Amino acid sequence: MNVLNFMQSFFSDGSHWHGRDGIPQRVWEHVQYTAAALAIASAIGLPVGLVTGHTRRGGNTLAFLAAGARALPTFGLLVLMFFWLGLGIVPVMIPLVVLAIPPVLVTTYEAVRTVDPSPVDAARGMGMPEARILFQVEVPAALPLILSGLRSATVQIVSTATIAAYVSLGGVGRYILDGLYQHDYEKVVGGAALTAVLALLALLLFWAVGRVAVSPGVRRRRTA
Amino acid sequence: MNGFFDIPSDLQHSYGGLIAVHMQEALVPVLAGLLLALPVGLLCVRHGWLYAPLLWTSTVLYAIPSIAFFVVLIDYTGLTQLTVMIPLCLYSLVVLVPAVVDGIRSVPEETNAAASAMGIGLARRYLQVQLPIAVPAITAGLRVAVASSISLVSVGALIGNQGGLGNLLTTAQLYGRPRLAVSSVVTTAVLAIVIDALLVLLRRVLTPWQPPSGRAAGRSGATPADPAAHTAEGAS
Numbered sequence: 001m002n003v004l005n006f007m008q009s010f011f012s013d014g015s016h017w018h019g020r021d022g023i024p025q026r027v028w029e030h031v032q033y034t035a036a037a038l039a040i041a042s043a044i045g046l047p048v049g050l051v052t053g054h055t056r057r058g059g060n061t062l063a064f065l066a067a068g069a070r071a072l073p074t075f076g077l078l079v080l081m082f083f084w085l086g087l088g089i090v091p092v093m094i095p096l097v098v099l100a101i102p103p104v105l106v107t108t109y110e111a112v113r114t115v116d117p118s119p120v121d122a123a124r125g126m127g128m129p130e131a132r133i134l135f136q137v138e139v140p141a142a143l144p145l146i147l148s149g150l151r152s153a154t155v156q157i158v159s160t161a162t163i164a165a166y167v168s169l170g171g172v173g174r175y176i177l178d179g180l181y182q183h184d185y186e187k188v189v190g191g192a193a194l195t196a197v198l199a200l201l202a203l204l205l206f207w208a209v210g211r212v213a214v215s216p217g218v219r220r221r222r223t224a
Numbered sequence: 225m226n227g228f229f230d231i232p233s234d235l236q237h238s239y240g241g242l243i244a245v246h247m248q249e250a251l252v253p254v255l256a257g258l259l260l261a262l263p264v265g266l267l268c269v270r271h272g273w274l275y276a277p278l279l280w281t282s283t284v285l286y287a288i289p290s291i292a293f294f295v296v297l298i299d300y301t302g303l304t305q306l307t308v309m310i311p312l313c314l315y316s317l318v319v320l321v322p323a324v325v326d327g328i329r330s331v332p333e334e335t336n337a338a339a340s341a342m343g344i345g346l347a348r349r350y351l352q353v354q355l356p357i358a359v360p361a362i363t364a365g366l367r368v369a370v371a372s373s374i375s376l377v378s379v380g381a382l383i384g385n386q387g388g389l390g391n392l393l394t395t396a397q398l399y400g401r402p403r404l405a406v407s408s409v410v411t412t413a414v415l416a417i418v419i420d421a422l423l424v425l426l427r428r429v430l431t432p433w434q435p436p437s438g439r440a441a442g443r444s445g446a447t448p449a450d451p452a453a454h455t456a457e458g459a460s
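Residue numbers (the working numbering), protein chains in the order written: chain A, 1 to 224; chain B, 225 to 460.
Here chain B stands alone, though its shape is the one from the complex:
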C-alpha cells in the first residue's frame, strides 16, 4: 500500500484535494437536479400530458455520451468545473423526475383528501404532506443518480484536468503506473458506497414510521414497500 496516497505533482492536488474536487463535481449537480426535479415533478403530476414529452427529452439528453457533452460545452463554459457539472445535472434529471413523480403518486388519495379537509393549502400540502411520504421514492432515485454522477465525473479527465479522481486514470496511462488507476477506482468506489450509506441513513431519519428495512411490507403484495425501487432503475 505504500505510495497509495502519493499523487504526481502535475495533478496540482493532494489525495484529499482530489476527493474534495470529485465530491463537489459529483454532488452539486445532483443537488441542483433535485431542486429542479421537485417543482418539475409536481408539475408533471398536476398536468399529466407534460410527463411523456419531458421523459423523452431527458432520455435523449441522457443518451448523449458525457464526453461528447463535455467537449461541446467547452465552447461555452471553458475548461471549468461547470462544464462537467451541467451534463451531470441533466443526467440526474432522468432519474430524479420520475422518482419525484412516483413519490407524489404514491401518496394515498385519502391522505390528500384529509389534508384538504383540514384546510391545508396546496403549497403546504406539497411540502408537509406529499413530500415526506415521497421520501422513500425520492431517496431511491437519489441513490441511483448519485452513484452514476460519482462514476461519471472521472470522464471529465479526458477534457483536461476536470475529472477529480479520474485525473489519476489519465495520469496512470501517461506514466504507465497502474497503481494510480487502482487508487482511483478503489477511492471512487469507496466514496460512492459511503455516500450511498449516508443516503440510506437519511431516509431512515426522515421516515421514522417506516420499518428499518424496506422489504418488510413487501409480502402484503398490494402495497409494495418501495414504489420507486423499480421505476427509478427503469427511468428511461
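Same shape as in the complex, but just chain A:
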C-alpha cells in the first residue's frame, strides 16, 4: 500500500500547503487553465454543433474534422507550439483546446440532431422562428447530452492540463513533473491524487448543473 503512504505523507507535509508552490496556488492555476481551455473549446464547438445539428447538415464534415483533431497528438502539439511560440500560456491552450473540441462538437451535433422530431415539427407548424426552435425546443431537450459532452471534455482537460508543467508553467502537473525529475514519488502521487480529485469535482459540478438546468420533464424521461 505504498501509494497510499505516499499520498498521506504528501498531504500531511505542511510545506506543501503554502507559498508559490503550495497546493492552493497550484490548484488555482490548474482550475484557471481548465476553465480557459473549456471556455475556448465551447465558444468554438457549441455554436457550430448547435447550428449543424439544427440544420442536420454537415455531419460528415464534422466527423471528419473531429477525427482530424483527435489525430493531433496533444503532447507533441505542446512541444511544437512551445518551439514556435515560446514561453507562455498560448502553447498550452492550443493542445488543450484541440483536445476538447471533438467531444464538445460531436456530442452537441448528435444531441441536437437526434432530438425527437415531433415537438420540433409542432413548433415549426405553430410558426416559431428557427432561432427560437433551436433555443426553446431543441436545446432544452438536448441539454443532458450536450452537458455530457462538455463533462467528458472537462475531465480530459483536467487530466491533460498537467502537461503545462512540461513547458515551465504551473498547475498540479508541477508536482508530477518535479517529482519525476527529483525522484520524489510522494510528489508524483500527490499531484496525481489532486488531479483525480479535481476531475471528480468537475463531475460533481456538471451533475449539479444538470440538476438545475435540465428541465424536470426531460430529466424524468431520461431516467425512465
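Honestly, the hints are just simulated from the structure, not real lab data. Quick caveat, the model's predicted, so the values are computed rather than measured. Ideal Cβ placement from N, Cα and C applies to all residues, glycine included. Treat each hint with caution, since some may be false.
Stated by the list, open to error - Using C-beta positions, here's what the derived DEER-type ranges look like:
{"hint": "1", "chain 1": "A", "residue 1": "5", "chain 2": "B", "residue 2": "432", "range": "51 to 59 Å"}
{"hint": "2", "chain 1": "B", "residue 1": "345", "chain 2": "A", "residue 2": "5", "range": "44 to 52 Å"}
{"hint": "3", "chain 1": "A", "residue 1": "204", "chain 2": "B", "residue 2": "435", "range": "38 to 46 Å"}
{"hint": "4", "chain 1": "B", "residue 1": "384", "chain 2": "A", "residue 2": "204", "range": "34 to 42 Å"}
As the list claims (entries may be wrong) - If you want the footprint, here are the derived chain B segments under chain A, 3+ residues with CB under 8 Å:
{"hint": "5", "region": "277–286"}
{"hint": "6", "region": "293–300"}
{"hint": "7", "region": "365–371"}
{"hint": "8", "region": "374–386"}
{"hint": "9", "region": "395–408"}
{"hint": "10", "region": "416–427"}
Starting from the structure of chain A, add chain B where the hints point.
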C-alpha cells in the same frame, strides 16, 4: 524536407523503427481493452447495477494523468513498454465499455426474441447475433480509443525512452531542433488518420447491410444511424 527521416542515433531506432514501437505501444493496449470490454460490457447489460460503479471507477482512473500513472508503475514494471501499455489499456476501457454496452442495447428486442425462438443459446446469441449488430457502436468507440491511445504514447517519452515517436519530442527539446518535433507531430497525426480510416473500412466490411455513410438513416429520427456516436464521446 531533407533530414525529415534522419533520427539522432541516441534514440536507438530508425524512423520506421519508432513508428513500429509507437504502433505497438498504442494498439496492443486498445486490443487488450477491447477483449476485456466485450465480456465486461455483456455483464453490465445483464446486471444493470454493475454499470454505474464500473463507469465511476474507470472515470477516476481516466482522470489520473498518464505521466503520473507511468511514474508510479515504474516501481512495478520497470522502464518497459508494459509501463506505458497498462495505463493506456485502462484508459481505453472508459470508452470501450460504454461502446459495447450501447452496442448490445441497440439490438432490437424482436431480434433477440427471434434468436431465442430459433433455439440459439446465450453464448451463440451474443457472438453471432448481438455483436454483429453492435459493430457500428463498437467501432465508433474504437476510433476514439485508438486516436487517444496513439496521442498518449508520446507522453511515455518523459519517463525515458518509452514514447515511440514521442521520443523525438524530448530529443528535439534537448538538442533544440524543432524539426524533430514537427516530424513527430506530423507522423503521429498521419498514423492516427490512417488507422482511423482502416477502422472505418473495417466497419463497412463487417456491416455490409448498412448504408456506406453513417448518416443516411439519420432523418428518420426514431432510429439514429449511429447510436454510439454521442455516447462514445461522452463516455465519462
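Here is how each hint holds up against the structure:
Remark: the range hint 51 to 59 Å for residue 5 of chain A to residue 432 of chain B is upheld by a beta-carbon distance near 56 Å. Range check, residue 345 of chain B to residue 5 of chain A: Cβ separation about 49 Å, and the 44 to 52 Å hint holds. Here the CB-CB span from residue 204 of chain A to residue 435 of chain B is close to 41 Å, well matched to the stated 38 to 46 Å. Remark: the range hint 34 to 42 Å for residue 384 of chain B to residue 204 of chain A is upheld by a beta-carbon distance near 36 Å.
Coverage of the region 277–286 of chain B by chain A holds. Counting CB-CB distances below 8 Å, 3 residues qualify, and the rule asks for three or more. Here's how the region 293–300 of chain B fares: 4 of its residues keep a CB closer than 8 Å to some CB of chain A, so the rule of at least three is met and the hint holds. Given a C-beta distance limit of less than 8 Å, the hint that chain A covers the region 365–371 of chain B holds, as 3 residues qualify and 3 suffice. Coverage of the region 374–386 of chain B by chain A holds in this model, with 8 residues showing a Cβ closer than 8 Å to a Cβ of that chain against a need of three.
Figure legend: the region 395–408 of chain B, annotated as covered by chain A; annotation consistent (6 residues with Cβ-Cβ distances under 8 Å, at least 3 required). With a cut-off of 8 Å between beta carbons, the region 416–427 of chain B has 3 residues touching chain A; three or more are needed, and the interface restraint holds.
Checked against the numbered hints given earlier, the structure satisfies every one of them.
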